[in-house]
Structures are given as structure tokens and as C-alpha cells.
Amino acid sequence: METDIPKLYHGIVKRDVLNKVYEKIGTFFGGLSPDVFAAIAVASFAKNVVSIDYPLTISGTCKLSGAGASMRGEHVGHLEDAPHFKYRGAYKWAEIIPRFYSVETIWAETTVTALKVLGRDDLLQDFNLPLLAANCIVAHPEYKSIILHDMYKAFRMTNKSQLEGTFQFCYSLLVGPMWRIFKRVINRTRTILMINREEIIRVSNVKDIVEATLILSEYLTTNNKRFIDLVP
19 METDIPKLYH GIVKRDVLNK VYEKIGTFFG GLSPDVFAAI AVASFAKNVV
69 SIDYPLTISG TCKLSGAGAS MRGEHVGHLE DAPHFKYRGA YKWAEIIPRF
119 YSVETIWAET TVTALKVLGR DDLLQDFNLP LLAANCIVAH PEYKSIILHD
169 MYKAFRMTNK SQLEGTFQFC YSLLVGPMWR IFKRVINRTR TILMINREEI
219 IRVSNVKDIV EATLILSEYL TTNNKRFIDL VP
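Position in the sequence shown (from 1) plus 18 gives the number in our numbering.
For the record, the hints were derived by calculation from the structure and aren't laboratory data. Take these hints with a grain of salt, some might be off.
Stated by the list, open to error - Ranges of calculated distance between the beta carbons of each label pair, as one might list FRET restraints:
#, residue 1, residue 2, range
1, ASP139, THR240, 47 to 55 Å
2, PHE46, THR207, 37 to 45 Å
3, PHE185, LEU232, 49 to 57 Å
4, LYS243, ARG106, 44 to 52 Å
5, LYS110, ARG174, 15 to 23 Å
6, GLN143, LYS110, 14 to 22 Å
7, GLN180, VAL221, 31 to 39 Å
8, LYS38, THR75, 34 to 42 Å
9, TYR109, GLU229, 40 to 48 Å
10, VAL221, ILE30, 41 to 49 Å
11, LYS134, LEU74, 25 to 33 Å
Even for Gly, the Cβ is constructed at its ideal location relative to N, Cα and C.
All chains should be built: construct the whole structure from the sequences, respecting the hints.
Structure, rendered in C-alpha cells:
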């Protein structure tokens with residue numbers, strides 16, 4: 019989850035921050051995506067956040083996990099079919115979020131839920147509905163009718179101008195998902211054509227991840243590079 023907010027998953031959080039979360043809401047997790055809920059909760063109390071440009075952990079992906087299903091293109095469908103609702107009982111879906119099952123909508127819905135539980139309804143005024151719709155419609159065009167219908171419904175519920183919202187949606191398409199797709203195409207083309215042949219370094223006979231980490235660290239130090247600059 020690449021974000022600018024602190025994360026409990028694959029992050030380090032001071033115990034006193036977690037204590038404040040628990041004192042406020044009586045739990046650390048909630049919603050349909052525990053990691054997103056925890057990230058929003060921690061961000062509500064953390065005073066200082068530090069981000070480094072080198073991975074301390076690398077997330078794994080189980081075949082049966084949400085991430086695994088997403089990689090296979092299976093993490094999308096009708097809301098009623100989402101595995102997140104199994105054995106959960108009654109759950110009220112946030113009405114401003116498009117009603118279909120996907121990574122984008124589950125994360126967004128959990129964010130809204132977390133803010134409400136934390137009593138931060140004021141921040142919902144800054145929730146970027148057009149950007150959410152833009153990301154959803156590019157990733158899942160087969161649900162475009164639901165996405166657009168629910169986006170305009172959300173505009174009415176939040177007293178947002180339909181004209182302004184439409185403009186922001188079109189702008190979000192260009193600077194958000196479409197721009198990321200364009201950059202991926204350029205990076206993939208560069209790799210295939212080997213335009214920057216000197217930047218592609220292959221190391222053979224690496225026995226494990228520990229040795230791979232040492233090799234990478236030595237390369238970064240020797241060449242005065244940052245890990246984040248090497249990631250497309």
C-alpha cells in the first residue's frame with residue numbers, strides 16, 4: 019500500500035500512539051480492510067511520521083489472500099459477493115462509495131468508516147470522490163455505469179456541484195490513473211528496447227534474499243543512489 023500516511027502493517031508505530039487509538043475507539047482494527055483502518059487510526063494520533071526510501075520489509079502474497087486474488091484479476095465483482103462480508107453479520111456500506119467490490123472501493127469504504135468511528139467527519143469534506151471514481155473506472159471499466167451513477171449520487175449527498183465534480187473527475191483521469199498507465203508503458207518500452215542498457219544490471223548465482231539485500235545495499239552506496247529512484 020503506497021501512501022503518505024503511517025502504516026501499522028509494514029511500519030513501526032510507537033506504543034503510546036496505539037494506546038491513544040485504543041482509548042479512543044476500543045480497538046486497533048475495523049472496517050473491511052484492517053490494514054487501511056489501522057493506517058487511518060494511527061494517522062489520527064501520530065505527531066511525527068518518518069518515511070525512508072528503502073524497504074525494511076517485503077510483503078508476501080498468499081494465493082487465497084485479497085492481494086493474490088487481485089493479481090489474478092479476481093478481486094472485483096458485485097458487492098454482495100465480496101468475501102469481506104462472510105461471517106460478519108450486518109454491515110452498512112458507506113453510501114458515498116461506488117457499490118461494487120474492488121480493491122479501490124474496499125479501501126475507500128474502510129477509510130470513510132474509520133474516519134466516522136474516530137469522530138473525524140470533518141475530514142470527509144476533503145474526500146476526493148472524483149479521483150476515486152477515476153481510479154475505479156480505469157481499473158474496472160465494466161462497472162462504469164455503477165461508478166458514474168454512484169459518483170453523481172455522492173455529489174448530491176455531499177452538496178457538491180455537479181459541474182465542478184465532473185471537471186474534477188476529468189482532470190483526475192488525466193493526472194491520476196491515465197498518467198500512471200502512460201508512465202508504465204514508457205518504462206516497459208524502455209526495458210524492452212534496452213534504451214538504457216547501462217542501467218540494467220543482472221547478478222547471477224544469488225543464493226537467498228539476504229545476499230540479494232547485501233548486493234543491493236553495496237550497489238546503492240557505491241553509486242550514491244537511492245532505492246526509490248530505481249523503482250518505476
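Now the hints, each set against the structure:
1. For ASP139 and THR240, the Cβ-Cβ distance of about 51 Å falls inside the hinted range of 47 to 55 Å, so the restraint holds.
2. The hinted window of 37 to 45 Å between PHE46 and THR207 holds, with their beta carbons roughly 44 Å apart.
3. At about 51 Å, the beta-carbon gap between PHE185 and LEU232 stays in the expected band of 49 to 57 Å.
4. A beta carbon spacing of about 46 Å between LYS243 and ARG106 agrees with the range 44 to 52 Å that was offered as a hint.
5. The hinted range of 15 to 23 Å is satisfied by LYS110 and ARG174, whose Cβ atoms lie roughly 19 Å apart.
6. Evaluation of the 14 to 22 Å hint for GLN143 and LYS110 yields a pass: the beta carbon distance comes to about 20 Å.
7. One distance hint, 31 to 39 Å for the beta-carbon pair GLN180 and VAL221, is violated here, with the actual separation near 55 Å.
8. Taking 34 to 42 Å as the suggested C-beta distance range, the pair LYS38 and THR75 does not conform, at roughly 24 Å.
9. Under the hint 40 to 48 Å, the C-beta atoms of TYR109 and GLU229, about 46 Å apart, fit the expected range.
10. The supplied range of 41 to 49 Å is broken by VAL221 and ILE30, whose beta-carbon atoms lie about 29 Å from each other.
11. Under the hint 25 to 33 Å, the C-beta atoms of LYS134 and LEU74, about 32 Å apart, fit the expected range.
Consistency note: the structure conflicts with the earlier hints numbered 7, 8, 10.
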